[in-house]
Every structure is written in structure tokens, then in C-alpha cells.
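Those protein sequence lines, which keep their order, are chains A and F. Quick note: the first sequence uses this note's numbering, first residue 75, plus one each step. Quick note: the second sequence uses this note's numbering, first residue -4, plus one each step.
These are calculated hints, taken from the structure and not from any lab test. Any given hint could turn out to be false.
[Said to hold, decoys possible] The calculated label-pair distances, taken between Cβ atoms and stated as ranges, are:
#, chain 1, residue 1, chain 2, residue 2, range
1, F, V112, A, D788, 24 to 32 Å
2, F, G169, A, D697, 41 to 49 Å
3, F, G169, A, E756, 46 to 54 Å
4, A, R127, F, R102, 52 to 60 Å
5, F, G169, A, G150, 41 to 49 Å
6, F, D37, A, E435, 58 to 66 Å
7, F, D37, A, G152, 27 to 35 Å
8, A, A775, F, D130, 30 to 38 Å
[Stated by the list, open to error] Facing chain F, according to a computed beta carbon distance under 7 Å, are these residues of chain A, among others:
#, residue
9, S221
10, A226
11, G228
12, V311
13, F315
14, K318
15, R319
16, H491
17, Q492
18, D494
19, H495
20, M496
21, C499
[Claimed, not checked] On the chain A side, residues computed to face chain F include the following (Cβ under 8 Å):
#, residue
22, Y119
23, K120
24, L124
25, D404
26, F461
27, Y493
28, L497
29, V502
30, H516
31, G520
32, L634
Just so we're clear, the structure is a prediction, and the values are computed from it rather than from any experiment. C-beta atoms are modelled at their ideal positions from N, C-alpha and C, and glycine is treated no differently.
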Amino acid sequence: MNEPLHRSLGLTDEEAEAIEKILNRPPNHLELAMYAVMWSEHCSYKSSRLHLRRLPTEAPWVLVGPGENAGVVDVGDGIAAAIRIESHNHPSAIEPYQGAATGVGGILRDIFTMGARPIAVMDSLRFGRPDDPRSRWIAEGVVSGISGYGNAVGVPTVGGETVFDKTYSGNPLVNVLCLGLMPADRLVLGQASGEGNLAVLLGASTGRDGIGGVSVLASASFGDEEEEAEKRPSVQVGDPFEEKRLIEACLALLDAGLVVGIQDLGGAGLTCATSETASRGGAGMDVDVAAVPRREPGMEPFEVLTSESQERMLAIVSPDGLDDVLAICDRWDVQASVVGRVTEGGLLRVRDGADGEVLAELPAASLHEDAPLYDRPRRPPPDWEDFKTDTAEQLPPPENVAADLLAMLTDPSWVYHQYDHMLFCNTVVGPGGDATVLRLKHPAAGADTGRGLALTADGNHRWCAVDPRAGTAMTVAEAVLNLACVGARPLALVNCLNFGNPEHPEVMWQFSEAVDGMAEACDAFGIPVVGGNVSLYNESNGHNIDPTPVIGLLGVIDSLTRIPPGLAWSEGDRVIVLGEGSAELSGSLWAASTAGHKRGRLPGLDYEQHRRVAGLVAGLVADDRLSAVHDVSSGGLGVALAEMAAVSGVGFRGARIHNHGELFGEAPSRAVAAVDPELLPEVEAAAAATGVTVARIGLAAGDRFSIKGLLDLDMSAITDRWRSAMSDSNGQAQ
Amino acid sequence: MTTKVGVVVFPGSNCEQDVVEAVDTVGGSGQLLWHKDTCLGDVDAVVLPGGFAHGDYLRTGAMARFSPIMGAVERFARDGGPVVGICNGFQILTEAQLLPGALYKNRGLKFLCQPAVLRVESMDSVLTRGLSIGDELQIPINHFEGNFICSEQVLEQLRDKNQIVFTYRDNPNGATADIAGICNENGNVVGMMPHPERAAHPLLGSTDGALLLKGLISSD
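Let the hints inform the model, and build the full structure from the sequences given.
Given below as C-alpha cells:
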């Protein structure tokens, strides 16, 4: 109990000293609490900011880059798309349902804060092995939370990924991406300007939930279960109905032009929203803590200022427009209260009553701009050189290739059937494909543009465990190829960087390497990074997760006149591989799942070659030359082929895949395509013209799945295993 | 003359724009009606769309039936006006006792969003007049509470009076007698769990839902 207050709030001694220097006096409890949340790792990015600057962020079509609530790009036809991804890992570890639900709620607010209507959510989920009961409990809770909140709030969950691996057993990853659309001329920024303008708090009352969420929960590691139980009150509780009304009310306020600036309340609650809007607008703000509607009596000012109660927004409005603002809120039964006033001079003042006692007074900008910036020590693992020579090609070959293949199959539909993925009638390709495809309709007029948007979320911790730099670059490359498989070209990238404890030099090294890999790949493909989120301290019981950068990639389809081919081939199709073959196994799912092997050296990525393959695939899809197409990634050629067979219910007779290395290797820049025999010469000619290798590997036919010299399975073995893998492990009958 | 279809917006509804868009696509004219209003204006038909009216934290539809507009909807229905409840709208119609039965949680206790194949069982409803019994339609479902339940007596009446409009080919949710949609005795009030508006564009994989909405706008 003798611990100084600043330490129990998560501030270091040096940080406390810095605060005293800014204020020229010792801070009081409230002020200290406000700095503690704003200077937390979660809000300030103090360990990562230095590195993130190396990412390319510019392109002519970028309207808003990183640093705002969401990135915004011009997608043509007078439409702008807002996109953001965020993690809710720590809350989901402690209370899976609410942790995931509020993750969805938070990301939606980031999008409609920009003036965009959220039209799609994607989730990138990672859990411990399904044979661990606690991991199953977390997985079920997270999926139910996304389903319960996302469906009710009325935004479709159109895709994502679900990965199970031991590395996440104490620390799941729940990354949520949201895409929104708006008329390009309606971009709103979270700014408070104009002295005398009013700050109106919209939405839910403020309660004691989520106090210190960012500092206590998101910026520290996990220990034992008892400790986790103690942290449970720091997890917020979501109310999708409140959020739905808030979305409609806020968009109506924006439509009516009644808002100068608007900001969501997420991490660090009212402290963050008031100080951020004020400092962005170059202004100050007087906040009346007594005017904040509360859920319970007896709340202390520091609780009101740092509470992370969900479903709240702060709108900056002119006094003349207040009555109209209140009328729109009333129509949607959204609570609205004036809680502050924009002032000159840049001070954030917290008062008890509009002109009451000053409880806290500090420079608004100091909560952001003066936040500490750390260049934490980094170094590669001590055995890094040996690590690279311990390759997976040296592992003993499989005793039973077929059994190893079957063990890698999972049908994720158990997850996505629980999500409304069709709302708004845009979903042309939903979850389960290489990338989601949405019709692009004008957000105000509703007119169909005849074009499409494509979206994919990808991460690969095995690649990044082997080599964080090359693995991250390969992840970007995979996303590019995923988009190509639906005929799209990439436009903008957002990232969610999930890493372990940044105070460990090896974790910081992983982080820095990953950023460099992403920067390199984005430069090579000409893709701007328009937003990101960093989640550090993904560590439990002293174990750091494998480095897991997850990327969301948005693309456009210039003419969307038919449904892209997808994974399902037809009887009689010729099956080919586009792209250079390889038998390298390091970093593969096969090496990790059969031998727990995550070392060695990744197959090389040749950007020029990759661009050619992606361009070829996108062109063939656009010209309707393929009956099916699927990129080769986790599980290699074997899993890609088996998934295509399982989805279509038509078998495969293959040859010229000579060994398990060629079957399970995950070298990049390859796609499997199924082609009508009559179109095969044309497809091969197109490949030759672009300098892409084509290999004929078999025929889609019959009810067996066979590869000469390697395996021969009944199709029912493939489909049974594929369909039941996930529902069985979750104890579900479907 | 273009048929005007009023689509009621409750707070928490979310399929209203999709229905308006689909109605417009088939040649009708969709317009939104607000739940706090007490009259329907000059609409020719009413749709209660899908979503989570009033949050559905209680029994689904239990709150929505008390929204001010429901009085007008009930009068319109009793006067023979076409009223269609889709998904949450179906749940609201049963709560308002414009249709019999109730919708329980799905048998698997999971939300289900997936394609479904429906079989047309009756041509006496405002949605199915132009179709034939036995026609199969591909129209997706999207619900947690879609498991239709009713007493033996009601089931018998539904059968006798030809009020079972659609059944599922592969029952996804445990619904009694595979029921996916029913109508009242006059056929002017229809409730269905599947979403026809989600099957009204070739890029969405099926246009079978458009057939039903066409039936609605030509139902005078």
C-alpha cells in the first residue's frame, strides 16, 4: 500500500517527474490519473511511434493517413472509404464475450466519427489450441460476442480469419477491422475549434466500467488467473442497441451540418476525447464534470474522466445549433448533455459545475504531444545465426502424408455462420473466400457504381516467428494475392501489430523488423499505410506470443459484373499452378503442426515476380477465364487443393507434386487455378506473356482426392474432416 | 400505377434500406415509415423489416408491438392491406397477434446466417400468388430466434386453411413442420424468417427473393 500513487496508475518515476515539469507543480490525483491513461502504451504508442514513422503513408488517393480515428481513401465516383483496425486482445482474454463485443463497438465509432457509415466488419481471431478447455471457452465467447454485438448493431461481419495455435493459449488476439463509406465531400475531423462552441456528450451514461482499461489492462502482461479475475471490472460492457441509435443520430447530425467536430470515447474516455479534440483544433476546453450523466451515484471526478463506458461520442457544436442537435438526438432516444465549452489558450480545465471549482488544469496538448517516446533496446535472439540454419527441410518426412494433410483442414463456417455477413446486400463474396467482395454503392444516393471493393485480413505468426521482417513482407504479399484472386487491385493497408512485452529487447527487435518488412513490401507494391494499431504486452506467464502483425488490405474492382470464380471447381476442369514451385518448408503450417518447428529461413519473396503473378491472376479473373482460383498460403499446395475439393464436392486427380516439401511448402507468389480445358491454351499463353510459370498438376474429377505417389483419399475423408474440425473441437453439433 | 410500399423503421431495425432498394428494383416504390408515427399515409403495402427492434433485449418483437405505428399497421392489416414481416418483422407480427405462433431460439442455440432453400407451399399469400406449389427458392436466413413453434391446434389450422406459405428443404433451426413462413387466413399478412431482399440481385447469387417482392407490388 506504500506504493506511490503514480506507480499504481501505471506511470514510471521518470514519467511522474516529467508531468511535474510540465505543470510546474506536483499534479493532483485527478491530473495524475489523466496523464496515466493518456501516456499509457495503448494511447500514446510510446514504444512504437519511433518505428511506425518508417511506414509509407502517402498516395494521391489518400485523404487521411495515420493518426486520425481512421484512414480515408478516395475510391472514386465521389465516394470516400474510411478504414481502421484495432485490437481488443486483453479484454477478450479476461471476459471473451464483452471483450470482443466492445471491440466491435469501438471500431465502429472510429469509423462513423469520420462521417462514414460503417458497412463492413472483419475479425482476425487467434486462440490457443482447441484441445485446451480455456482456449475453447475464449474462442466461443469471442465469436458469440462478435455475433451478439455485430448482428444487433446492424453492420455485417463480412470476413476475417480464425487461427488456433499454442502461442495464443494465455493471450488470444482479437483484431477487428471496420470499413465505412461516405460522400467524399463530407469528411469530418475530430476537432474542437471556435471559442464558445459547446462540447455535447452523446449516448450512454458514464459508469465505473473500464476505469483504467488502457493502462491497467492493455498495457501490462498477464499473470495467473486470480490476477485476471481482479482485472475483470476493467472490461467494459457493450450495448449494441445504444450504439445503433448513436450511429443513426450522429450520421443525422452530420447530414444536417450541425457538427464542427466529433470524436468517439474509447480508450481513456472523456480525458482522451476532450483533450484530443481541443489540441487538434488548437484550442482549450472547460469540462464540467458535474454535467456528465452517470450510471451510479458517488463517482469520483477521476472515475468520470477516465471511465471507458461504451457507446459515447463527443460532438462539438455551435450554440446556435444546439436545439437542432438536441431534437435529432431526441428522435433517436439518444441522451445528449452539454459537458464543456471550447476556450482559447489550449488549457484543458476540469470543473465541478460550469463555473465551479477547478479540479484539474493542464495543457491539453501535453497529454498527447508530450507523451514519452521510447527507443527501447532491441536485439535479435542470441542464437539467431543457428536459428536460420535449423531448417524444416531437415525434419523427418511424414509417415503418412494423407494424415498430415487431413490434420491441417478446417472449415471456418462454424464461425461465420454466426455472423450476419449479408446485411446491406453488398456481399458478393462473403467469408470463406480469399477476399471479401462488396458491391460499391453510393453512400448517400444508393446508386450502384458497377464497381466493387475487396477486403482481406491476413496474418501469419509462423512466418513472423521464423523471420519477422521477411514474414511480415510475405503477409503483405499474401494479401495482395488474395485481392488478385477476386480481381481486385490494392488501394490501402491498415495494420494491427500484435507483439509481446516491449521491455524485452527481442520483442522490440521483432517489432522493428516487422515494421521494416511491411515498409519494404508496401513500397514495392505501391500501397500506402493509412492507419494502424499497436498491441504490446501480449505476454502471459512470461511467454511472449509469436510476433503477429495482422494487415487489412482494401482493394477495388473496376468492373464488377459477375461473381468472381471463388474456390469451387467443376468436374473436368484442368488444375494448374501459376507461379514458381518450391519445396521449402521452414515457417510452414506443416512444420509447426507436426513438429512444433518455427525456425529456419523463409522462402524468398521476389517482389517483381509477385507483382506479375498477382497481375496475371487479377486479369484472368476480370476476363472470366478461370472456373476457380485460390492462393497458396498456410498448408501449401496440399491445403489449397483440398479446400477447393471440399468446397466444390468434386475430387482431384493430381501428379507432378513430388514430395511433401512441394505439397506443404508455403513459398509465396503462387495460386492454384482450375480452368475449362478449352480455355487452357489461352490461360497458358497469358501466363507466358507475363513471364509467369505454369504447371499442369491435375484434373478436377471424381470422388477421390489423389496425388500420384503421395496420397489417395476418398473425398468423404476430406469433407468430413474439413467440416467437423472446428465444430468438433468446440463441442458443437451442427 | 407504382405500388407504394411503406417500410417501418423501429430503432434497432437494420434491413429497412435493403427492402426499399429491393422493392424499387422490382418496380415498386419503397418509402420509410417511422415507428413513432401513428398513420401510414397513402401506402399500398407495409413491410416490417429485419433487425433488432428496440434492441430485442426482451423476447424478440415484444417491445416493437407497442410502438405507436403498430395500431395503424393492425388496422391496415385487418382491412385487408398487404403486410409482410421479414425476420424480426415476423417476430413482431406474432407478438402483435396478427399471425399465430412464436419464434424460439434456433435448435443449435447459435445465430445462423446462411443460404436456405424454401419450398412454396401455398399460393394464397400476397407474396406467392404468381408462383406454384413446390417451387424451390434460394433465399438466405439470418436469425437467432427463427424456430417457429405453435400448438397442435394452430398447426392443424395452418394446414387446413393453407396458411403455411414456405417450408425449409433442410430445416436449419428446428422449426415445427419445417415452417419458414406463414400467412393469416386471408393471405394478406405474411411472416417469413428468410430475407427476400437479400436475394434480389444477380451478384448476390439468387434473384428468387425478387419474385416474392414482385408478388407483393402486384397484389391489389
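**OP:** Would you check whether A/F315 satisfies its interface hint, that is, whether its CB is within less than 7 Å of any CB in chain F?
**Re:** 3 Å, holds
Original post:
Is the interface hint for A/Q492 satisfied, with its Cβ closer than 7 Å to some Cβ of chain F?
Top reply: 5 Å, holds
**OP:** Double-check A/Y119 for me: the hint is only fine if its C-beta lies closer than 8 Å to a C-beta in chain F.
**Re:** 34 Å, violated
Subject >> Range agreement (Cβ of A/G150 with Cβ of F/G169, hint 41 to 49 Å) >> reply: 46 Å, holds
Subject >> Restraint check, 8 Å cut-off on beta carbons, for A/L634 near chain F >> reply: 7 Å, holds
Original post:
Does the CB of A/L124 sit less than 8 Å away from some CB of chain F?
Top reply: 42 Å, violated
Subject >> Supplied distance hint 46 to 54 Å, evaluated on CB atoms of F/G169 and A/E756 >> reply: 49 Å, holds
Subject >> Satisfaction of the hinted span 27 to 35 Å by the C-beta atoms belonging to F/D37 and A/G152 >> reply: Roughly 33 Å apart at Cβ, these two residues keep to the hinted range, so it holds.
Subject >> Status of the hint placing A/D494 at chain F (closest C-beta pair under 7 Å) >> reply: 5 Å, holds
Original post:
Holds or violated: is the Cβ of A/S221 closer than 7 Å to a Cβ in chain F?
Top reply: It holds, given that the least Cβ distance between A/S221 and chain F is near 5 Å, below 7 Å.
**OP:** With a cut-off of 8 Å on the beta carbons, see whether A/H516 makes it to chain F.
**Re:** 12 Å, violated
**OP:** Answer holds if the nearest beta-carbon of chain F is closer than 7 Å to that of A/H495; otherwise answer violated.
**Re:** Where the cut-off is 7 Å and the nearest Cβ of chain F is about 6 Å from A/H495, the hint holds.
Violated hints for the displayed structure, listed by number in ascending order: 12, 22, 23, 24, 25, 26 and 30.
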